[in-house]
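Engineer: Residues per chain, in single letters:
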Amino acid sequence: MKNKYIHSVLPLLVFAVFALSVLSVLLYGSKIYGKISTRDDTAFNMRTAAQYVSTKIRQTELQNAIRIEDFDGVCSIVLPVNYGTESYITRLYCYEGSLYELFSPEDVQMTKKDGEKLISLSRLSAEISDGILTVDIFADREESETFKIYLKSGEESYYEE
Amino acid sequence: MKNKSTLMMIEIVIMIFVFSLASAVCLKIFTESNFVSQESLILDRASVIAQNTAELLKASRGNTEYVNEYISNNLTDDEYTVEISKNENEQKYLGTAKVSVKYMDDEVFSVTASWQEVSDYE
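Going down the list, the sequences are from chains Z and W. Sequential numbering of the first sequence, starting at 17, is according to this note's numbering. Sequential numbering of the second sequence, starting at 110, is according to this note's numbering.
By construction, these hints were calculated from the structure, which means they are not laboratory data. Among these hints, one or two may not hold up.
Listed below are the simulated EDC-like cross-link pairs for lysine to aspartate or glutamate, each with C-alpha atoms no more than 20 Å apart in a straight line [unchecked claim]:
hint, chain 1, residue 1, chain 2, residue 2
1, Z, 129, Z, 112
2, Z, 20, W, 120
3, Z, 133, Z, 152
4, Z, 51, W, 216
5, W, 211, W, 178
6, Z, 72, Z, 152
7, W, 207, W, 153
8, Z, 47, W, 141
9, W, 211, W, 187
10, Z, 133, Z, 86
11, Z, 47, W, 148
12, Z, 51, W, 153
13, Z, 133, Z, 85
14, Z, 168, W, 226
15, Z, 133, Z, 102
16, W, 211, Z, 161
17, W, 137, W, 148
18, Z, 168, Z, 102
19, Z, 168, Z, 143
20, W, 201, W, 215
21, W, 137, W, 120
22, Z, 72, Z, 161
23, Z, 51, W, 141
24, Z, 47, Z, 57
Just chain Z, with the same shape it has in the complex:
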């Protein structure tokens, strides 16, 4: 009787072990996949945003000195550009979890909502000191990256001979 009982329960036990193993491998795999996916997404957003902002700055800074301004309560990088006699500005700022760009004539009043959404980014802050523009960008999970750009057209360099 006992032998019969063992013979019927043992396969079930082994099957339970098998099911548990499948579940644990699946859980481990999904955890790793989630981790990699989130990490890569964050890195992609940060890298793209950083490259976009720095390329924009380099394109513009040879024409006019760039400046940092408060725009409806958020920090914005202002890139002025002249077309003939007209003055225009491109603003780069973060609004509702995204990096925005807004191109407009300099003397026209615009709001944060008027810009074009570019990429997911929670916050952007910038400052110019000693001719170096320092930009801090923050991703969704409060991961941040700081990059510096030497402004050839900016303020006087710290270096005095």
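With chain Z fixed as given, assemble chain W onto it according to the hints.
Structural biologist: This is chain W only, laid out in the frame that chain Z set:
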């Protein structure tokens, strides 16, 4: 009855054996992909540090003391170190230096920075 359960047992054991092989391969791949992703993150971070160092070198026209001090004061991750080695240059007004970024003492990224040796206004 006994024969039936023995057969079932053999089936399950074979199933577990095949599954173990497959899961071993999967786990190895998961771990490796995690490692590769981590490495790419390190490379990303190192490239930003190297780029920032190169910008500071340009701004200070190759003042390595200033740049080293600035970097050591502002580098938030202790695992990363920056080494700047100035190159002997044949061109009189052009300075260059190799910026190497190390992670845990292993060089992960390097870039050559160039700057104008004289003032813009000379």
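Engineer: Each hint needs a verdict: does it hold in this structure or not?
Structural biologist: Verification of the supplied hints:
{"no.": "1", "hint": "129(Z) to 112(Z)", "result": "10 Å, holds"}
{"no.": "2", "hint": "20(Z) to 120(W)", "result": "19 Å, holds"}
{"no.": "3", "hint": "133(Z) to 152(Z)", "result": "19 Å, holds"}
{"no.": "4", "hint": "51(Z) to 216(W)", "result": "26 Å, violated"}
{"no.": "5", "hint": "211(W) to 178(W)", "result": "17 Å, holds"}
{"no.": "6", "hint": "72(Z) to 152(Z)", "result": "16 Å, holds"}
{"no.": "7", "hint": "207(W) to 153(W)", "result": "18 Å, holds"}
{"no.": "8", "hint": "47(Z) to 141(W)", "result": "14 Å, holds"}
{"no.": "9", "hint": "211(W) to 187(W)", "result": "11 Å, holds"}
{"no.": "10", "hint": "133(Z) to 86(Z)", "result": "18 Å, holds"}
{"no.": "11", "hint": "47(Z) to 148(W)", "result": "18 Å, holds"}
{"no.": "12", "hint": "51(Z) to 153(W)", "result": "17 Å, holds"}
{"no.": "13", "hint": "133(Z) to 85(Z)", "result": "19 Å, holds"}
{"no.": "14", "hint": "168(Z) to 226(W)", "result": "14 Å, holds"}
{"no.": "15", "hint": "133(Z) to 102(Z)", "result": "25 Å, violated"}
{"no.": "16", "hint": "211(W) to 161(Z)", "result": "18 Å, holds"}
{"no.": "17", "hint": "137(W) to 148(W)", "result": "16 Å, holds"}
{"no.": "18", "hint": "168(Z) to 102(Z)", "result": "23 Å, violated"}
{"no.": "19", "hint": "168(Z) to 143(Z)", "result": "15 Å, holds"}
{"no.": "20", "hint": "201(W) to 215(W)", "result": "33 Å, violated"}
{"no.": "21", "hint": "137(W) to 120(W)", "result": "26 Å, violated"}
{"no.": "22", "hint": "72(Z) to 161(Z)", "result": "18 Å, holds"}
{"no.": "23", "hint": "51(Z) to 141(W)", "result": "13 Å, holds"}
{"no.": "24", "hint": "47(Z) to 57(Z)", "result": "15 Å, holds"}
Hint check: violations occur at hints 4, 15, 18, 20 and 21; the rest are consistent with the structure.
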